[in-house]
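A.B. asks: Spelled out from the first residue to the last, the chains are:
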Amino acid sequence: MPPERREPGPGGIGGGRSRLGGTGRRAALITAAVAVLGACSGSGPQSALTPEGPIARQIDDLWDLVFVLAVIVFVLVMAVFAVSIFRFRERKHDTREPRQIHGNTPLEISWTVLPAVLLAVLAVPTVRGIFEVRAAAEGPDVIQVNVTGHQWWWEFEFPDMVSDDGRTLVTANELHIPAGVKVQLNMTSRDVIHSFWVPPLNGKRDVVPGRISQLVLEADAEVADKDFGFGPGIIPGQCAEFCGLAHADMRLRVFVQSPADFEAWAAAQLEPVPIPTEGAAAAGYETFNSTCTTCHRAVVADADGAVTTLGAERTLEVDGVTFLDQFGPDLTHFGGRSTLGAAILENSEEHLADWIDNPSDLKPMAPLRNDLEAGKVLGMPSYGIDAEQIAQLVEMLEAWQ
Amino acid sequence: MTAVAQSVDHDPKTGLWSWITTVDHKRIGLLYAVTAFAFFLIAGIEALLIRAQLAGPDGTVLSAEAYNQLFTMHGLTMVFLVVMPIASAFINYLLPLMLGARDVAFPRLNAFSYWLFLFAGLMIYSSFLFGGAPDGAWVGYSPLAGQLTETVRMDFWAVGLQLLGVASIASSVNFIATVFTMRAPGMTMLRMPVFVWMALVIAFLLLFSLPAVGIGLFQLFLDRNFGAVFYEAAAGADPLLWQHLFWIFGHPEVYVLVLPAMGIVSEILPVFSRKPLFGYEFVVFSGAAIGFIGFGVWSHHMFTSGMGPVAEAGFAVSTMIIAVPTGVKIFNWIGTTWGGRLRMATPMLFSLGFIAQFVIGGLSGVTHAIVPTDYQQHDTYYVVAHFHYVLFGGAIFGYVAGVYYWFPKWTGRMLDERLGKIHFWLMVLGFNLTFAPMHILGLNGMPRRTYRYPEGLGYEFWNGMATIGAFIIALSFVFFIINLVRARRHGGVAGDDPWDGRTLEWATPSPPPEHNFDEVPLVRSLDDFWHTKYAEDEEGRAVRVPAVTGAATDADTEAGDDHEAIHMPSPSYYPALASLGLVVFGYGMIYLNWGWIAVGVGAIVALWGLFGWSLEPVTKGDDH
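Line by line, the protein sequences are chains A and B.
Under this note's numbering, think of the first position of the first sequence as 103, with each following residue one higher.
Under this note's numbering, think of the first position of the second sequence as 537, with each following residue one higher.
No wet-lab data here; the hints were simulated from the structure.
As the structure is a prediction and not an experimental result, all values here were calculated from the model.
Possibly wrong hints are sitting among the right ones.
Chain B regions said to be covered by chain A (calculated; three or more residues, Cβ under 8 angstroms) [what the hints assert, rightly or not]: (1) 849 to 860; (2) 888 to 896; (3) 901 to 912; (4) 978 to 989; (5) 1036 to 1045.
Cβ-to-Cβ under 8 angstroms is the rule here; a few derived chain B residues that face chain A [as the list claims (entries may be wrong)]: (6) G611; (7) W674; (8) Y677; (9) L680; (10) E686; (11) L878; (12) G994; (13) S1061.
If you anchor each label on the Cβ, the simulated ranges turn out as follows [to be verified]: (14) V215/A with R879/B: 30 to 36 angstroms; (15) T393/A with F831/B: 33 to 39 angstroms; (16) E388/A with P845/B: 21 to 27 angstroms.
C-beta atoms are modelled at their ideal positions from N, C-alpha and C, and glycine is treated no differently.
My request is simple: use the sequences and hints to build the entire structure.
C.D. replies: Here it is as structure tokens:
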């Protein structure tokens, strides 16, 4: 239930006397109507009030408890307040002075102690909840994901999912997880503080440079088939800590899949993509290999099956853990992703062409301030590539499913 | 009594120069009020632009760059250039009057605080002309605030806040000294009005909290301009240090913003209920308790930062504890109205609105203390809703109540009740329509500080409502401005004591003379002025005491005071000069390349001001 806690102001109660009483009542009515609408309004796919997993549900249960208590306290206090305002408001011809009451110590002590008791009661599930929600996921089934926050996108690495030739599973902005399994995120940032947040699966956790922060995601088994408006099992999330220019556009999606589908996805992701040998895509590959690999990586295989990783591997060491620290997202299976630009646009040929032409038209970034030598990246610049070359690149990238 | 008036008249009382050189706490209070109101209008325009951008999905009114500057400046302005100075305005004007004093302890230091606040505020706003305003949020989280050293935006923020901090520390020292040394005979601590108590509490809060953020701001400035690595994770530093230093200041700061408004409400409710404040000692001590506990809750702003569960549990409990004294105040205010004869004049309406809306803000604050739910609420519009219920529905309503209540004292004119009530009802409607939906938006996953949101997440409707509400708030202030302008000419004549007040300021003429009191009053009880007018009958009801004509307070004056001449401090331009020098110095620090010249000039001017100030006689033209 969304909160509908708001009040019409004291005038809803006592405003009838003045010439403005009408306005006051109208205001009260409108506010009340807004309150009712609020109670009925849908929650949306990114809502904390529609938990889709046990951890988020535990938080939501605690919210329901504190919300109901808060409403009760509010109604009680406002009822007394309203009675006081209505009953003791000045009336015409009423000139008798009120009794001069200076206080009432037993009463005051009781309304000091009672809230304290109520809060002490609330403190118990609060403290328990802190330790439970923050507990690290343990066990052989737990899936580990290393998350690197970048201005303004997410890099995901599954350190335990390794190909035969020793490559780990790497992707960006779209996190696939199996339903009903705990997923342990180990997160750090390469630049400023971000915050990883997918409300239906858990609360947020800040992603701080120089530190590893942890968050456990777990989705209910049936979520894989639920459609929240983006396709089955897809839940939107986004960065929740202000991280500069494109903070609003640092989005992500979690793809909750059945364990079998997840296994299949993971296996496919570990495969290299083919080097195109003919047509426009082959020309696109030339451009890719000369320009894009400055920042992006891709794992490719030639016709003989020889695997090459294009682009430098950059990493970041935090507390003994190695995180990926690439300048741009890994593009190996780019064509298989449903979004681009950190989940702000649907992945279509048209959007991709616009993006390659000038990313800053679609997302506010500051690539002119990039200093790759110093490791400073504030977005992808426009390389002034002509339309034909862009079309070639698009054809190649979209074919890398 | 008659010999008094002339001897204090050192200077012409009109003209720009008289305002620049004034050391009269009342005129400085008015300067604070007018300046803060001007900044309030600017911050309001910023808010309207923000709301226009968010009225629908994928808004295109503002670029991300402009949006980030505007929300940063809105927050910074409202906290440092509106609410703090409006509190200063009330404290400046009322503290000496309520204590039965003739001025604050250090009148020239008072002027220095005002001018430094004004110049620093203008300096921060001048950044719009020099390549853009600060855009790293008012909290300036590191390392984001240290990034982009090619632009000086966050240097304006770092240096500007530092200067504002100096002004606030000077004010705090002044107010503390005033309360401890300038009280009229008989004005014991527990006879002081609650407003004075709250002023004292926030002065201590500022004095102890500002140094923390001051250190942080210096570190950040050194990081940005001199290659220091205080917040550089790659060099092994911990960026969370900034958050601790900021919130050790920032949380007490929240109480700095709201406690004076609570003091105002505590003055207004008894007057318009015609009853004394219910449980004066409880209200005073709960205010002091909030001040103490307020230093132990800062990390509840950091529940998602990764402090560790034990720290989170500790700060959850301390945050719950602080809800207790806050609740006490609410209950005592309701107790004050209970059994009274409530006169629904505009100051009373705004005070009652304060209470109702503050309860909502207080309760949503408790939900933040339930840490796991705060993992969801943190940094969302739910938080934006919460602190606007506390700081707008609470503090701003309280300060507006104070304007309606004391305007007659400041100007001798009454504000119009009809316009006041239109203002009140529009503001209640607009405020709740703006900020109540933000609770829903936040819980539904909308983060704050985002310049746009896409379709399909269900944020359109409530954002649209909030935008409509914001424009209704703006409309309500049109009525306020009309009322203020109209009242200067056409407002009813107030007289000394239009509300049948309880505190000493109502014993003076409206507006009070420069020296406030012809004769320093002798205080015998809490609400002493009321007790000169009313006694209690055997039922405990107030009964009017027959007025003693002429010198009603004659018997209350200091024994042995044979009406000798009153010496008020002379006007001085040195405080304004010293603060101007400091701000020039600040500009130089921001533009270090050529700015060393400005640093030098600023330092010389500031020192010139300080030396002139130290060496000039306190009163010139002494005639004895």
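A.B. asks: Against the structure shown, which of the earlier numbered hints fail to hold, in ascending order?
C.D. replies: 5, 6, 7, 13, 15, 16
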